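> Chains as they are written, first to last, in our numbering: chain A, 1 to 134; chain B, 135 to 302; chain C, 303 to 570; chain D, 571 to 660.
What the hints contain is simulated information worked out from the structure, not anything from laboratory work.
Please note that the accuracy of each hint is not assured.
Said to hold, decoys possible - Listed below are the simulated DSS-like cross-link pairs for lysine-lysine, each with C-alpha atoms no more than 30 Å apart in a straight line:
#	chain 1	residue 1	chain 2	residue 2
1	A	K125	C	K561
2	B	K281	B	K265
3	C	K464	C	K415
4	C	K304	A	K29
5	C	K560	A	K123
6	A	K114	D	K602
7	D	K654	A	K29
Bear in mind that the values here come from a model prediction, so they are computed numbers and not experimental data.
What follows is the residue order along each chain.
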Amino acid sequence: MFLITIASLYLNIAISIYGVIAKPNLVKKFIALTIAQDSINTVAILMGYRVWREAILQPPILLSWSPSPKDLQDFMNRAVDPLPQALVLTAIVIGLAVNIFLVSTILHLYRHFKTVDMDEISKLKRGAIVEETA
Amino acid sequence: MRRLLKAIAPSIFVFFIYIVYSGNITLFDIVTGLVIAIATGVILGPLVVEDWKKSLSLPRFFKLVTYIARYFLIDEVKAHWNVIKIGLNPRMPIKPGIVRVPIRSKNEYAITLVAISITNTPGTVVVDVDKERGILYVNWIYVVNEKPDITYKEIAEVFDRYASKIFD
Amino acid sequence: MKLRDVLFIALIIFVTFILLIPTLLGSIGATPPGDLRNIAKLYLYLTYNIFNKSFWTASPEAVTAIVWDYRGLDTLYETIVFYTAIIAALMLYSEILGQRDVVGGIGLSFIVKRGFSIALLAIIAVGFSTVLHGMLTPGGGFQGGAIVAVAPVIALIVFSRKLFDYSKLSYRLLVALRSLALTGIVLVPLIPLALTLGNGFIFQNQVKTLARFSYPSTIIDVPMGGSLLLLNLFEGIAVFTAFMLAFIVLLYSEDLSKKPLEGEDIGY
Amino acid sequence: MQVGIGYVENLIFILMGIVSLTSIPFVILAVKSRDLLMAVIYSAVQSTLYSLLLFLLLAPDIVLVYVAVSVGLLPLLTILLVKKVGRYEA
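Produce the complete structure using the sequences and hints provided.
Printed below as a string of structure tokens:
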């Protein structure tokens, strides 16, 4: 079942990248891009997971504030990998900031060309260049 | 000064939520909770509270608590029971329609409480509100009668009585 | 179904399998690995090791410790990316920043307003609790900032623009608050360097063998994590104000937003 | 004890598999649908499923930030975009 999880996440990445490439609409491209971001982040978290071999797993948070050496050893044996979580944590928030920038550029394009279709925008641009050079 | 008085009730609410969400009561929680609560209360107090005297009155608060208990224990159960009866009946005896329900509460919070209570009980949904005339438009699963006094009695009477006691 | 679609579907499945094979053979396999990487073990073991205080961070939460202590410089540069992205989005609207909108608006109905005003308080309480307990429980500056940012964004829609255009929490104040928070993020790592006259490290949190400076390890009666609490607080304020600014600008009415484009319709 | 843990592990793997399999149709619908508003809603459903998956992967930090960002702010941002540029893909 774990394999199915990985495979379906990869499939999601592939579908969303198809969406980014093949759909002409910029908003649709944007939606597909956010799905790709989420899937890639989830795959990164998945890499930090471990098998429940010895004891019940726990998130990487030490619960006791005055731990004994045994507590620390236990924590090391039971926690999942905190490193991917720390990296993805910043990536999500910064991703949103970059997405806000993307949205404002898409809005500017729309206000400029009155459309968000990439094919039409390139057609309009070509027309404008021909007009200027003629 | 007004602003500070208005800030008291929201501050208590924020402090309560802060402690509940934090999950433990250490001195650190209490100190930071107080700072956050007072800052939030002073900034957002005028937006939330209309009349500080009403917001601080204890009898109204106890009325609210009894209302919540009564709502979830009696009215919700009754409404669920009715809808279950309709749902399990093979003939599906429904007669849906939108009716006018006049209510007597005038305060915005009171109308909000009545509208939310009516919507949250299954079988009735508030679709629109007319504040000036004090009328709620309610989509009812089985319209017994369209007359305003009967709809008031069937749908809104309990909620309205409590709401006007709590907020007006 | 056209040939193009079939080709794309085949390609998607092919790519998935190509990606899956190295994952299976190389890193995780059919079940996840039983053991952690050594670096992760080290971080987990040392983050709140009260017996060996030369590497500890005084924070029982490993993720926050990694974000702001072990890999603090990384996060500092991520914050710079964040700052730049928001500034870039604001710069596109540089001509209309801080102006009152031409369309007043009345917002949604008063039932939504009253219901939301109670929820507003709860969201802010939860968000700041997440920020300030970042070194004890899951949470921290990024999480709490994102949670608190939800409140003004929905308030902008529920109460309409008027609330923000005529309130004291103006554009200038928000920018000032954000700049202050970012200055705080820059100053906290530099303070050890200044107080030890150059013998400390940047992003030094607790005492090291070579540098004798450390932030306090407990605050009142809970583990503080030294600089982690301060950095979380500043990052939370920075994230919250940045998202609020960005949404305030993005939600300008169309009439006003077209102003920066005036005169550009001649050339591309 | 050992048997109990193995049982819990299998249960969690199965849950993870179900959640991630359920997300595939929503991703396909979000990419395929011509109605952009519906695409945003499908993408929000996919985000909700992912947050469940992240919770199962024992990452409470990420769940906190992910719920606020990907289920709250991002759909709002995209709906704003859709409202301004028009609902239907030509």
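> Each hint: holds or not?
Against the structure, the hints come out as follows:
1. Only pairs whose Cα atoms come within 30 Å are accepted, and K125 (chain A) paired with K561 (chain C) is accepted, the gap being roughly 22 Å.
2. Pair hint K281 (chain B) plus K265 (chain B) holds up; C-alpha atoms about 20 Å apart against a cutoff of 30 Å.
3. A distance of roughly 14 Å separates the Cα atoms of K464 (chain C) and K415 (chain C); the hinted pair therefore holds under the 30 Å criterion.
4. Distance check on the hinted pair: K304 (chain C) and K29 (chain A) sit about 22 Å apart at the alpha-carbon level, within 30 Å; holds.
5. Proximity of K560 (chain C) to K123 (chain A) is assessed by CA-CA distance (about 23 Å); at most 30 Å being required, the pair is judged to hold.
6. For the suggested pair K114 (chain A) and K602 (chain D), the alpha carbons sit about 23 Å apart, so the restraint of at most 30 Å is met.
7. Between K654 (chain D) and K29 (chain A), the direct Cα distance comes to roughly 16 Å. Compliance with the 30 Å bound is thereby established for this hinted pair.
The earlier numbered hints are all upheld by this structure, with none contradicted.
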